[in-house]
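**Q** Below, each chain spelled out in residue letters.
4 protein chains.
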Amino acid sequence: MSERTLGIAVIGLGGAVGTTMVAGIELLKLGKVDKTGLPLSELDQNSAKDLAAYERIVFGGWDLNAENLAAAAEEHEVLNHKQFVAVENSLSKIYPWKAAVDERFLSNIEGGNFLPSKDHREVIKNIVNDLKKFQEICDQVVVINLASTEKLVDESSEEYSSLAAFENALDAGSENISPAMLYAYAAISTEIPYGNFTPSVAADIPALIEFAEMQNVPIAGKDGKTGQTFIKTVLAPALKARELKIEGWYSTNLLGNRDGLALSNEDSLRSKIKTKASVLRNILGYEVEDHIVDIRYYRPRGDDKEAWDNIDITGFLGQKMQIKVNFLCKDSILAAPLAIEIARCLDLAKQRGDSGIQEQLSVFFKLPMTKYESPEHAFHIQNKHFLKWLNA
Amino acid sequence: MSERTLGIAVIGLGGAVGTTMVAGIELLKLGKVDKTGLPLSELDQNSAKDLAAYERIVFGGWDLNAENLAAAAEEHEVLNHKQFVAVENSLSKIYPWKAAVDERFLSNIEGGNFLPSKDHREVIKNIVNDLKKFQEICDQVVVINLASTEKLVDESSEEYSSLAAFENALDAGSENISPAMLYAYAAISTEIPYGNFTPSVAADIPALIEFAEMQNVPIAGKDGKTGQTFIKTVLAPALKARELKIEGWYSTNLLGNRDGLALSNEDSLRSKIKTKASVLRNILGYEVEDHIVDIRYYRPRGDDKEAWDNIDITGFLGQKMQIKVNFLCKDSILAAPLAIEIARCLDLAKQRGDSGIQEQLSVFFKLPMTKYESPEHAFHIQNKHFLKWLNA
Amino acid sequence: MSERTLGIAVIGLGGAVGTTMVAGIELLKLGKVDKTGLPLSELDQNSAKDLAAYERIVFGGWDLNAENLAAAAEEHEVLNHKQFVAVENSLSKIYPWKAAVDERFLSNIEGGNFLPSKDHREVIKNIVNDLKKFQEICDQVVVINLASTEKLVDESSEEYSSLAAFENALDAGSENISPAMLYAYAAISTEIPYGNFTPSVAADIPALIEFAEMQNVPIAGKDGKTGQTFIKTVLAPALKARELKIEGWYSTNLLGNRDGLALSNEDSLRSKIKTKASVLRNILGYEVEDHIVDIRYYRPRGDDKEAWDNIDITGFLGQKMQIKVNFLCKDSILAAPLAIEIARCLDLAKQRGDSGIQEQLSVFFKLPMTKYESPEHAFHIQNKHFLKWLNA
Amino acid sequence: MSERTLGIAVIGLGGAVGTTMVAGIELLKLGKVDKTGLPLSELDQNSAKDLAAYERIVFGGWDLNAENLAAAAEEHEVLNHKQFVAVENSLSKIYPWKAAVDERFLSNIEGGNFLPSKDHREVIKNIVNDLKKFQEICDQVVVINLASTEKLVDESSEEYSSLAAFENALDAGSENISPAMLYAYAAISTEIPYGNFTPSVAADIPALIEFAEMQNVPIAGKDGKTGQTFIKTVLAPALKARELKIEGWYSTNLLGNRDGLALSNEDSLRSKIKTKASVLRNILGYEVEDHIVDIRYYRPRGDDKEAWDNIDITGFLGQKMQIKVNFLCKDSILAAPLAIEIARCLDLAKQRGDSGIQEQLSVFFKLPMTKYESPEHAFHIQNKHFLKWLNA
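Residue numbers (the numbering used here), protein chains in the order written: chain F, 1 to 392; chain W, 393 to 784; chain U, 785 to 1176; chain C, 1177 to 1568.
Bound conformation, chain F alone (with noise of 0.2 Å):
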């Protein structure tokens, strides 16, 4: 693998998705963990000689709490005790940067570490400071956003339009910009490639998939595909290729962290299920008519999650058949590793010199960003086209 030092920049930090990261990363230097969970990891020599190596990735950030990443650790109670204790001295040493906040976009928050100004300029400003900062540690650095879902916003809007107007919408300090979208600006005008784990807007506005390309930058989205939907685009396509009809889907999640609280705000949970909704129909090729998605906010399993999930099929002969799955999963373990991934690919994609939307990443999201056509969403399609340009 490259010997190039890869600096991460994670909006949402000290959240439990980015301490996982980071911690991880520290434990794989002192050889405490293997790379088990992380999907390139077992690569040949010849289709990972480019991607930086996972030892020699570092990590800066954004979070609206000031804690260091020890102690965030200690609070969302991702390592167990040998982990934590081995790796205590180096998280303690990183503090979040203050992050960008807009209440219009997301209540429930807690944390004081906020840049002070509502002016859009000044914002970005002191975003692409600490970018440039960051730099001058790495050889490339890659933005990850993995802040708490925003409200959903109006995609239509005309402010989204065009990157023309988008810059009028800065100027004016348009209240339709939110802290997603001025990170991903922030980054793009660095050229720094821009990853979004979550399913807030941000780069896959008009305006932003313009800047991108005009500014040669890669960019990756969107809401990071770990559990439910990760098995749900791999089972539609088998029934599918079975011809066995679809008549119902209920998809229910249990989640108790910080991101579970996030999501108990109505706008918030919007957004989220709109990304788990729509790769049904994709996959299929007919509507399911009842697919249904519940998100709850259940505080007994911390960082836990569990994905109920209820197949209603018909087979030959209009007989009924269901089938049943219930994934008992931990979200930060199974985000962290993807993290990881899309930036190293967003990394080599800026090698490559490519630029604008990284369709090939569809693998790793939920609701993949692509600029014509509508998004491949069946697991094993997205896989081998992504495998395909791992090793162009």
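Keep in mind that a hint or two might mislead.
[As the list claims (entries may be wrong)] Taking lysine to aspartate or glutamate and the DMTMM-like style, the derived pairs with C-alpha atoms no more than 20 Å apart in a straight line are: (1) K388/F - E42/F; (2) K712/W - E1331/C; (3) K866/U - E469/W; (4) K1421/C - E826/U.
[Claimed, not checked] Quick partial rundown of chain C residues pointing at chain U, CB under 8 Å, derived from the structure: (5) Y1271; (6) A1414; (7) I1499; (8) L1504; (9) A1512.
[As the list claims (entries may be wrong)] Example chain W residues on the side facing chain C (calculated, C-beta under 7 Å, incomplete): (10) L562; (11) D682; (12) R688; (13) Y690.
If you are wondering where the hints come from, they were derived from the structure by calculation, not from laboratory data. Note that the coordinates shown come from a computational prediction; the quantities given were computed from them, not determined experimentally. Yeah, the Cβ is synthetic: ideal placement off N, Cα and C, and Gly gets one too.
Starting from the known structure of chain F, arrange chains W, U and C on it as the hints suggest.
**A** Showing chains W, U and C alone in chain F's frame:
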């Protein structure tokens, strides 16, 4: 689709799956059911053009039970009342031919409709006669084995090692030659394709593979991939793609039909479990330490079948997670359409002049027959190979 | 058992549960089904001696849908074909009486078989007339409410607080008086016992409790305890007995029949969820922090109903464990026999001279009516009280 | 509660359950855990007044493994890190006494800390010596058997039929006398109560029951009712109360600790399954046609245990329904508090002068010992009897 008449000669015609095949095609002809559950029913016109039309399929076959198929359908309770009424008349005219039988390979046998002789050559002659008579009303005949699972044989036996050795064993009345082998031999000798939907050892011995190649006959098998293994070969490759380590996979099966009763015989059970257990290593590239497969005869279910799978996985930072899949399915409803498609594909292979093992049909089997290499089990790869052949 | 004729007048006669009650009793009379599922069918002779014989039950009742019960049975698909054929003739002779209706309490209404007037007193007069006519052919009539759930009302309303206030509200045409209350008033005024199988507010307001006591009429309710809550009130006391702390209980329900459609109305849903949520505190003696109940209208299931419960418990040393219960049930099959038993017990109470709230029937209800104390929810305690009364 | 010191002498002290008992009580003494999971911790003052205080319990016991309990706790991974640190010191001072052992009754044995002699009388003398030394520091000693399950013996053996016959067999060095019986004999001879938490045959043979009565010693057993059977004996009576017919009950168990390994021995497994299978007939009053119990040694789980139960029921009109229960539990966490309560209750019985079989402790056992009648299995009835005794 082709206007030719395809005759399917079913070993075990009066069983639940055989009856469902016949009733299903009759209901299709009458327009009483649609093609849901038939995997190749949604192919575009071009891909499907040389496949026999579903409506042009006719049935014959052997069964130990002499009753006509209307009586069999009533016993198996696979059809609902309206469906039964619609096809009762046509089913009542189909009487199974006398079956080959050998208590050394299958105990728990019921029914008296069998060939009297224990002389292998005479049994073969009878089977060939049945097939020749059936050929008179079809453009092409294909034999599909749906009989109850025979006990496991020692596949390395000298008598199976070459066609010459096998011919000698036939003449000598060897007790290592099973009914399934006699059917396969008879079909191949008559230049009729042979598909093995059961786990029994049949055309997969070297002697009969050699014979099939010599006779220019396509053969395929074995053990139809309907429920649990289907799901297993869909999920395992995706977990591998995410580098989630599978520590254990516990699979239990409850089934209550005549097949379940046959499997309550220890020898047949061993044969069945063997075909179920071998898939994971192939897909994952490592041995799952605790891969347990359990099959139980459980009468309350009748033809309904239930699979419960528990999968223990390890992810990033060595953290453990679990996936549980509960598949409430109907054995015959899943199996019958696959058996129909295998027959149509073997007919297509015969038209194209393909002979010997049809490896591209792996997508339909739990334990795909291959000539040189170990079989591919990952469902999406099997399907890719299959579609490529179909569209060749 | 008693040789008296018991007439059950069902509100919502043509619904799935009502139809199942009638068809079930008719099938019993014909000897076509046994008494499985009828909770009091295995009582010893002595305990059962004053209960009306199942075979001596006759039915009448109201429904918005004017079609006869054979047509209703065909629509609800509760009977198998043989059962339908056996009772089609007798069911086709039963036509529902015109129902009371009020759109303020129940939207999603279909059917035109309702009483024209909006004058409360006139509606009551009509209901009383129906009951008096029905009394002519029975030794005793009991009214059972099986109508769709009405929207939640403010039970502390002044108009419900005493019989006098309620009478005034009736005269004034108050819009707070629901159809369910009119039926209850009519029954009580005619000295006919009234059982409420639904979550709607009816005889459980102070005014009607007072009226029932004055008229010497037994009443009981409410909301039949069929599936999920039944299991919940069985498991929770046992977990308490082991001092396993319940941290969270997530209950989801999928149902696809007309009742499910009614519950897709927000107001009715709130009424239903309220009766489901209150049971745990009573049994455990503490508040479960995350007790979530979700009910979804999910069409693929039809009358089949599914409950999935996830229970998070903490045991010794603060260690966490989970129990998951998946109940694949049939709504009408569970509800109809309970409704029959409630009617038989109300008849028995009437014979014994018991009046007012019949608390000993709590074993049949999700939200038992009580006079002074909060209700007992633990199933085994309810059953103990019930059996003691029965054998008194 | 009583201020007396209760000494619990555990057979299999260093096992997962034994270690959890000791560590749990130590943590309680330190105020580091609360009493969650201890069934009798919430009794009112009066009911509990003669039970030994949890904080006044001390431990001793035998184990094949000589390591101290701190080492055992580390191996079993039952404690979290903070808990381990808190009790490491006190646990490290407890070393198991030399255990009795016999390969005819328990293979898969590991560890060398056993009594050298095969002379039954000498083994008994050693055990008695251990007990007498332990008595010096306690007001009352109770023996609890937590050793791995021994192979099934023929309980009708002549040698077990009376105390006299058993004494002769002891003298003759009979090979039908198991270590579990020697411990029971030694305890009873020393007037120390004996509780059997395992399925092994011990004090439940006529000879030892006779001996216990003669010595005025209370005994109880057997096989702690922790997980699956607990749930089974809770659900089955409720299904019976609703007259829902149980057609089949399929119970599977996955467990990965040392107990699971012992059960991978066929003989021990048979012993265990026997105690699990007998409960349904007793509760239901009829034989469930397909009641299947499966137990699997499955390493990925470690001390975590999983039960999956599938229940097939028939309701009104002969319609079929299913209930599935998935219990993700921790063996030692459920077992240790029950073992503690059994010891406290045996101590109470001894104080009260109760001798012989303590049938009222059935609530704690899968296969309750009874003197004349067949045991009661329904959980709520067992609990009623138990509470009545406790409050006597």
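**Q** Compare the structure with each hint and give your call.
**A** Status of each hint after checking the structure:
Only pairs whose Cα atoms come within 20 Å are accepted, and K388/F paired with E42/F is accepted, the gap being roughly 16 Å. With a CA separation close to 43 Å, the supplied pair K712/W and E1331/C exceeds the 20 Å bound. Proposed proximity of K866/U and E469/W is supported: the alpha carbons are some 13 Å apart, at most 20 Å. Taken as a hint, the K1421/C and E826/U pair is honoured in the structure, with Cα atoms around 12 Å apart against an allowance of 20 Å.
The closest approach between the C-beta of Y1271/C and any C-beta of chain U is roughly 23 Å, which is over the 8 Å cut-off, so the hint fails. Hint status for A1414/C relative to chain U: holds, with the closest Cβ pair at about 4 Å, below 8 Å. Annotation: I1499/C was flagged as interfacial toward chain U, and the flag holds, the nearest CB pair being 5 Å apart, inside 8 Å. With 8 Å as the threshold, the beta carbon of L1504/C comes within range of chain U, its nearest partner Cβ sitting at about 4 Å, so the hint holds.
The restraint placing A1512/C at the interface with chain U holds, with a minimum CB-CB distance near 6 Å, inside the 8 Å limit. With a cut of 7 Å, the hint placing L562/W at the interface with chain C is violated, because the nearest CB-to-CB distance is about 41 Å. Proximity of D682/W to chain C holds as hinted, the smallest CB-CB distance being about 5 Å (cut-off 7 Å). Residue-level restraint check for R688/W holds (minimum Cβ-Cβ distance to chain C is 6 Å; threshold 7 Å).
The closest approach between the C-beta of Y690/W and any C-beta of chain C is roughly 5 Å, which is under the 7 Å cut-off, so the hint is satisfied.
Hint check: violations occur at hints 2, 5, 10; the rest are consistent with the structure.
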